[in-house]
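**Q** Residues per chain, in single letters:
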Amino acid sequence: MVNAFAYVPAIVLLPFFSFLVALGAGRYLPKGGAFGGIAATAGSFLLSVWVAATVAGGRAYDETLYYWASEGGAGIGPTDIELTFGVLIDPLSALMLVIVTLVALLVHVFSLGYMNDEGETGLPRYYAGLGLFTASMLGFVVADNLLMAFMFFELVGLCSYLLIGFHFREPGPPSAAKKAFLVTRFGDYFFLVGVVAVFATFGTAQFAGPESFPALADAALNGSGSVAWTPGGLDLGTWLTVVGLLVLGGVVGKSAQFPLHTWLPDAMEGPTPVSALIHAATMVAAGVYLVARMYGFYVLTPTTMAVIAFVGGFTALFAATMGVVKDELKQVLAYSTISQYGYMMLALGAGGYVAAVFHLTTHAFFKALLFLGAGSVIIAMHHNEDMWDMGGLKSKMPVTYYTFLAGSLALAGIFPFAGFWSKDEILYEALVHGLNDPLLLGGYLMGLLAVPVTAFYTFRMVFLTFHGEPRSDTARDPESVRWNVKGPLTVLGSLAVVTGLINMVPVQKVLGLEGIDLLHRWLDNEWGGIEGLSSHHYADIGPYSSAYLVGGEVGTVLVGAAVSLGLALLGLGLAWRLYNVPSPTEHTAKLGGIKDVLYNNYYLDELQVWLAYRTEDVAGGANTFDQGIIDGVVNGVSSVSLTGGGRIRKLQSGVVSQYAALLTFGLVALLLVLGATGGWFL
Amino acid sequence: MILEALMAAAFVGALTVFLAPDEWAGRLAFAISLIPFVGSLYLWSGFEAGGNALLGGEIAYATQIEWLEVGGRSVSWFVGLDGISLPLFVLTTFLVPLAILSAWTPVDARQSQFYGLMLFMEANLLGVFAALDFFLWFVFWEAVLVPMYFLIGIWGGPRRKYAAIKFFVYTNAASLLMFIGFMSLVFALGDSVSSFALPEIAQAIAAGDLGTWFGIPPDRVAMVAFLAMFLGFAVKVPIVPFHTWLPDAHVQAPTPASVLLAGVLLKMGTYALLRFNFTMLPEQASMLAIPIAAIAVISVIYGAMLALAQKDLKRIVAYSSVSSMGYVILGLVVFTEYGIGGATFQMVAHGLISGLMFMAVGVIYNATHTRMVGDMAGMADRMPVTVGILVAGAFGYMGLPLMAGFAGEFFIFVGSLSAPALPYAPVFTALAMFGIVIVAGYLLSAMQSTLFGPFELETDYEVGPAAFHDVAPLAVLLVAIIVLGVAPDIFFEMIRDAAVPVVEGVTIDG
Chain A
1 MVNAFAYVPA IVLLPFFSFL VALGAGRYLP KGGAFGGIAA TAGSFLLSVW VAATVAGGRA
61 YDETLYYWAS EGGAGIGPTD IELTFGVLID PLSALMLVIV TLVALLVHVF SLGYMNDEGE
121 TGLPRYYAGL GLFTASMLGF VVADNLLMAF MFFELVGLCS YLLIGFHFRE PGPPSAAKKA
181 FLVTRFGDYF FLVGVVAVFA TFGTAQFAGP ESFPALADAA LNGSGSVAWT PGGLDLGTWL
241 TVVGLLVLGG VVGKSAQFPL HTWLPDAMEG PTPVSALIHA ATMVAAGVYL VARMYGFYVL
301 TPTTMAVIAF VGGFTALFAA TMGVVKDELK QVLAYSTISQ YGYMMLALGA GGYVAAVFHL
361 TTHAFFKALL FLGAGSVIIA MHHNEDMWDM GGLKSKMPVT YYTFLAGSLA LAGIFPFAGF
421 WSKDEILYEA LVHGLNDPLL LGGYLMGLLA VPVTAFYTFR MVFLTFHGEP RSDTARDPES
481 VRWNVKGPLT VLGSLAVVTG LINMVPVQKV LGLEGIDLLH RWLDNEWGGI EGLSSHHYAD
541 IGPYSSAYLV GGEVGTVLVG AAVSLGLALL GLGLAWRLYN VPSPTEHTAK LGGIKDVLYN
601 NYYLDELQVW LAYRTEDVAG GANTFDQGII DGVVNGVSSV SLTGGGRIRK LQSGVVSQYA
661 ALLTFGLVAL LLVLGATGGW FL
Chain B
683 MILEALMAAA FVGALTVFLA PDEWAGRLAF AISLIPFVGS LYLWSGFEAG GNALLGGEIA
743 YATQIEWLEV GGRSVSWFVG LDGISLPLFV LTTFLVPLAI LSAWTPVDAR QSQFYGLMLF
803 MEANLLGVFA ALDFFLWFVF WEAVLVPMYF LIGIWGGPRR KYAAIKFFVY TNAASLLMFI
863 GFMSLVFALG DSVSSFALPE IAQAIAAGDL GTWFGIPPDR VAMVAFLAMF LGFAVKVPIV
923 PFHTWLPDAH VQAPTPASVL LAGVLLKMGT YALLRFNFTM LPEQASMLAI PIAAIAVISV
983 IYGAMLALAQ KDLKRIVAYS SVSSMGYVIL GLVVFTEYGI GGATFQMVAH GLISGLMFMA
1043 VGVIYNATHT RMVGDMAGMA DRMPVTVGIL VAGAFGYMGL PLMAGFAGEF FIFVGSLSAP
1103 ALPYAPVFTA LAMFGIVIVA GYLLSAMQST LFGPFELETD YEVGPAAFHD VAPLAVLLVA
1163 IIVLGVAPDI FFEMIRDAAV PVVEGVTIDG
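So the protein sequences, as listed, match chains A and B.
Sequential numbering from 1 applies to the first sequence in the working numbering.
Sequential numbering from 683 applies to the second sequence in the working numbering.
The shape of chain A in the complex, shown without the other chains (with noise of 0.2 Å):
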C-alpha cells in the first residue's frame, strides 16, 4: 500500500519548488508563476487530505528525516545532542496541514483577481513569496522538534516582510516590514533561548515519544526521572516554568499578544490576500499552534498556564476596543485577528486544548473569508480602504455581501455560525476551570466582555460598508470583481457557515446526544495518533479542575451560553441602531478623549518609538565614547610612541614607495638574520 506519509516532504517541497520556479522563471510564466502556486498548493491540499485520512485510518507517524548536524551527537556540557529535521504527523498536525493548503491555495486563486487583474507589477517576486510563506509554514507544521519548528517560524517571519514590503517603492510598506520582522524578531530572542535551554535541559527538542522533552520534564516533575541541568540553584520546576515563558516569547510576537502586537495593524501594509495568509493560517496562527504542539510542557507549569491565559483574555479585550474606533475596513479587521488569538490562548491557558484549537480551524475559515471580502470591497472601491467613503455595497456585489455577513456572524459569535460554537468553548473551559482560580476567572471576564465590543465593532464595519447610502463616487459605481474572487469567498462563506458541525459539544451535552463532537474525539486520538499527544493526556497532567455553576455541566453550558450570545447580540444590537441608518455619522466622536486614545492604540506604538529611539541615542553616546575614548587612547598613544605628532605627519605625508622600501628591507633583514644564524649561506 502506498503511504501517504512518504508524501509529507513534498507538501513541504512543492510550495518551495513554486517559489523556485517564480522566481527563476516567473517572468516568462503566463500570470507571473501564479499558475505554478495554484498547482503546487492544491497538490499540498490534496496531499494532506490524504494524510488526514491516513491518520483517521488509525496511523500516526513520527519520523527523523534528516541529520541537520552533528549525526550521532556532539556535547554541549551535560549532555550529547544532535540537531535533525523530522516530521510529526498526529490528528493536530494533519488538521493543521488542511487548514494551511486550503486556505493558501484560495490566497492563490484569489490572487489571480486582487493582483494579476489589478495590474500590478513585480507578480513572479509577489508569487515567490506567497510560495515560500506557504513552504515555511507548513514545514513548521509539520516538524517534529522544537529547533526546526524554530528556524521554520523564523523563515516565516522573512517571509511576512518580504510579503508586507511588497511595494517597497513607496514608504510605508518596507517601515511595517521592518516594524513586523523587528517586534517578532524580539519576541523570537526569548524563544530561541528558551530552544537552547531545552537542549541544555533535556538532551532533546522531540515534541513526541518517551524521550520527547514534554514527557522527560512530566517524569522529572513526578520524580520518576531527571533531567540533564538545570541553571546553579533554580529548583525544577521554576526552571521549566521560565523555559516555557521564554518559548512564549515567540509566541507572543508571533501570534500578536500584548505587549508585542504593535507589528500587526502596521503589517496591513501588504497586499491584503498576503494579509488573509498571515492573519488566518500561517504566521499569526503559528503562535498559537506552537503552544498547541507542546501543549504537554505547557500544562506542567501552572504560572505559565495563567499568564498564558491572562496575557490571552487581555489582549483579547484590550484589542477589541482598539477596533471599535478605526475607520479602515482592513484596520478593524487587523484588530479582530489579535483579539481573536488572545481568545485562543485564553483558551490554551485555561486547559481548553480542544477549544484552542477548534477556534483555531473556525477562525482560519472566517477569517481569511473576511479579508478576501474586504479584498474584494477594495478591488471594488479602487483602493480606497476608509470605510466612510463607503456604504450601499450591498446590492452592487451580492456574493461579496453575504460571504461577508457570513464571515462577520461568525466573527461576532452568533448562533449557528462557527464561531459561536468556538467561541463558546474557550469560555466555557475558562469558567468551568476559572471558578477555582480566581487568575483564570478574570481571564474569562475580559473574555466575556470582549464578546459584545467584538460584535459591536464587526457590525460596524458591516453596516458602514455594506449598508446605508454611497458616501462617495466609487461607492456608487464600484468596480466588478470576476470568478477567482467570488470562487474563494464562496468556498470560505459556506466554511464559516458549517465549520462550528465538527464540534457540537454543548448540543452533545445538553442533549445528551453522543458523538458529535468530533474535533474532541479527533484530538484524543480516538482514530489515530501518538501517544502523549492528546486531549486527554494534556487534561490528565494538567492543573485544572472543574467546578460548574447552578445546574451542573448542562446548566453551566446553557447559562454560559446564554450569556455570551445575549452580550453578542447587545452589541450586534448597538452597532445596528447606530450605524444601520442611510447616513451614519462617527458617534465614536462622542467617547470624547478615549476615543484618542483608542484611535492612537493607546499609545503603545508611540511608546515603542520612544523606546527605539533610545536605543539610538545610547548607541549614539557609545559611538561618541568609542571615537573620542578608545580611538583617542590609541592614537594618542602612538603618537606618544613615536615622539610627536610632527613625525607621524612626515611618515604620512611620504611616498607609498618609501614604505614598500622600507618593508621590503625589514623582511630581507629578517631573512638575513635567520638565514645567518641558520647556517644558510654556509
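Keep in mind the hints are simulated off the structure, nothing from the lab.
Glycine is no exception: its CB is placed at the ideal position from the N, C-alpha and C atoms.
Under 7 Å between C-beta atoms, here's a sample of chain A residues computed to sit facing chain B:
1) Ile76
2) Arg185
3) Phe186
4) Tyr189
5) Val196
6) Trp229
7) Ala619
8) Asn623
9) Val634
Mind docking chain B on chain A? Use the hints.
**A** Structure of chain B alone, referenced to chain A:
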C-alpha cells in the same frame, strides 16, 4: 606536496600577474586564483578527519622538512591540515577568486600590482592556516600585513594612508606582544622541546613540561604568555577595546580588500586564539573564563550598538564584524564541542556572509559613489538583483535559519548555555544572544532607508543594474551560504573531530 603546490601557485601567480600588462591582469589573476580553489576542493574531497593537528591527531597533507636552527631548536617547513584549518583554507581559496572578480569594476589604476598583491596575500593566508611550525607560521602571519597595507594605502579612500598606517602599526605591535608571549612559553619548556613545531610544543605543555624560567614558576609563565598572546590576537580579531583600527581600515579599503579583510584576516585572529591560547593553555583559559566571556559579550553588544549608530554602510558592516567575532570568542571560552566547533564554523560562516555584504555594498557604491545612509534611497528600483542578494545576505547576517550564520551562532549558543567550564554561562549566553535583535535593528533600518522607498540619488548619470561579473560573485556567495546553512555538517563534522581534543584539555571540577 599538494599544499605547497597550491601555495606556490598563488605565489608564482602573484609574480606573473605583477609583470603582466594592466589590460588583462584582472582576468589572468582570476584564472590563476581558480587553481588553489580547485586544488582545495580536491584536498577537501580527500580529507579524512583525524583529530586535532596540535594534540596528536593525524595531520592531513603534512610535509615536515628541517629548515634551519634557532637557539638550539629546529625550525622546519611544516605544513598540514586538520578539521579546524581545512575549512578556513577552503574559505580562503573560495573568497579570493570572488574578491578578484569584485575588483574588475572599481579598480582602474595599477591593476597588475593590485591583482598581484591579492594573490600574494592569498599565498600568505594559506600559509597561516597550513603552517604548523611557529616560525613558519609567524612569517606568513606577518607577511599578510604587507599586501593588505599596500592595498589600503594605494587603492583606498581619501584617508587611506592614515588607515593603512594605523592598521599596520597596530597589528604589528600586537604581533610583537604575541611573539614575546609565545617565546616565553618556548623558553619555559626548556629542553623538553627540540623544535618550534606547534604540535610538539602543545603536547609538551599538555604533558606538564613547562618549567621555571628565570625564577618565574610555570603557572605564572603560562598565565603571562596567555595574556600576552591573547592581547596580541585580540587586536587582530578584533575584540573590544582593540577594535578601532577596523572601521577605519574597512572604510578606506577598496572593496576586494575589505572582503578579504573581513572574510579571512579577522579569522586569523580567532584561529590563532583557538590554536595557541585555547588549545595550548586551556587551564589558563578556563581560569580567565569570566573576564573573557565578559569581553565577548561586550564585543557583541557594544559592537552592535556602534553599528546602530553608523551612517556609512561599510562602517555598519565593519562594526557588525566586531559583534560577530564576539560570538566566536564566547564559543571558544566555553570549552564544549558545540562551543568550539561552533566558533570555528562561525569563522567560515562569517567569512562568507561578511564577504557578501562588503561585496554587495561595493557594487552599490560603484553605481552611486556614496555609501551614506541618507544620500540614497530606493536602490531596489534600479538594481533589483544586487539588492535582492544584499537583502538575503543581510538576513544571513541576522542569523536566518538555513543560512550559514544561524548554524554557527546556534552551535555557539547551544554549546555555551550550560557549559560547565564557564561560571554564569546562562547569563553570558542570554546576554550575548540579544545581539540577534540589535543586528536585525540596524541592518533592517539601513536597508529600509537606502534600498526601499522612492528612488532618490543625486547623480548626473543613469543608475542601472550592475554588470554580470559584479553580481555573479554575490550569487555564488549566497548559494554557498545557503548550502552551508542547510548542510552544516559538511564542515561541522570535521571541525568537531578536531575540536574534541581541545575540549578534553579542560578538566572541570565537580
